[in-house]
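Given the sequences, and given the hints that come with them, work out the whole structure.
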Amino acid sequence: MRIPPSWPIGPTWPIWSACGEAPLGAHPTARPLVIALHASGSSARQWRALAARLEPQGATAARAVTGYRVLAVDLHDHGVGPAWTTGGASRAPLTLEDEAALVAPLLAEAGRVSDGGGAHLVGHSYGGAVALKVACQHPQHVRSLVLYEPVVFRLLLDDPASHAETHEVLAVAAEMQSRLERDDSDGAARHFVDYWSGSGSWQEMPEGARAAVALRMPIVMQHFGALLNERQQVAALQRFGQLAVPTLVLSGERTVATARRIASRLRTLLAGAVHETLPGLGHMGPVTHAELVAERIAVHLQAPARAPDPMAFPLTPALRHRDLLTVD
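Position in the sequence shown (from 1) plus 15 gives the number in the numbering used here.
Don't take every hint at face value.
As the list claims (entries may be wrong) - What follows is a list of derived Cβ distance ranges for each label pair:
{"no.": "1", "residue 1": "Asp209", "residue 2": "Thr110", "range": "23 to 33 Å"}
{"no.": "2", "residue 1": "Glu219", "residue 2": "Glu306", "range": "18 to 28 Å"}
{"no.": "3", "residue 1": "Ala318", "residue 2": "Leu230", "range": "34 to 44 Å"}
Treat the hints as calculated values from the structure; they're not laboratory data. Glycine is no exception: its CB is placed at the ideal position from the N, C-alpha and C atoms.
Dropping the structure here:
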C-alpha cells in the first residue's frame, strides 16, 4: 500500500493517513479515529498492515473493517517527526510529556468531531509507553487502548522483585551509550536490535534499514532516559486502572525477560484489562507478524469489552531475521 505524503494537523504533528484525507476537523462526521504509535527506531509506517485492515483500500476493501480511520504519528526524530536532536546533541532531555504533546491535540480534536467522542489508542514498545502516558492524561478522550509490550521501565525500577530485569535494561542502555560516545552508532544499533529481536538480527537486516536505525540511536538513548525518569508512572497507572477504558495488553511468547516482567506488573496495575500472550511472537510482533497483530486489534475495536476467542487467531509462519525490522 502506498502511503501518501504527510500533512500537518498543526505545526509539529506529522502524521499520515491511510486514505490521505483532509485534516481531522474538516468533516463533522469523521469516522472513529485510531491513533497508532510506533516503536523506538521504527516509524509510523510500521502500522501499514493495521491501516490496510481497518480502512478500505482497493483490493483490501473486502477484508477491511469499515468505519475507522487510522492515523500513525511519527514521534520525535523518527520518520518525518519533528527534530529533537541535532548532530547527535539534544536541546534538552526528552520526556514522555514531550512525545504525548504530539498526540494530545489529535485526541482532543477527535473528541470534538468523531461520533461517540475520542479515539482509540494503539502503541507498540516505546509507542505503547507514550500511549499509556496520553491515556493517563486524557482518559475522557480515549475510547479504547491497545498496548503491545509497552516498555514502561519505571515499573521495574519501582519494584524490588524486578532487580534482575532492572539490571538488564540498564546494562543495555549503558552499552549503547558507551558505543555512541565512541561514535559507533552502528554498534549501538546492533546491540539494541539484537537485544530486542535476538542475536544476529542486526546482521540479517537490509543495509538501508540498518542505516536508518543507526541514525536514530541518539534519540533512542533519549527514550531510555524518558522512560526511566517517569517517576509517577505507578500512581498514574493505578488511577487509570480504576477507569472504565477498554484496554487490551498484548505480549509475545518469545519476548525478552524485561518485557515479560513488565507484562506481569501490568496485570496487577491494570487488572480490568484483557491481557494476552500471543504464541510464537517476540517483542517485534507488530512488525514480524503485522497482519496477525492487526487482526487482533481489529477484533478489539469491534468489541473492546469482550475477551476474544484465542482460536480465532491462527499463527502465521515466523519470518526470517532479515524481515524483523523494515523502516523508512
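Against the earlier hints, flag every one the structure doesn't satisfy and list their numbers going up. none
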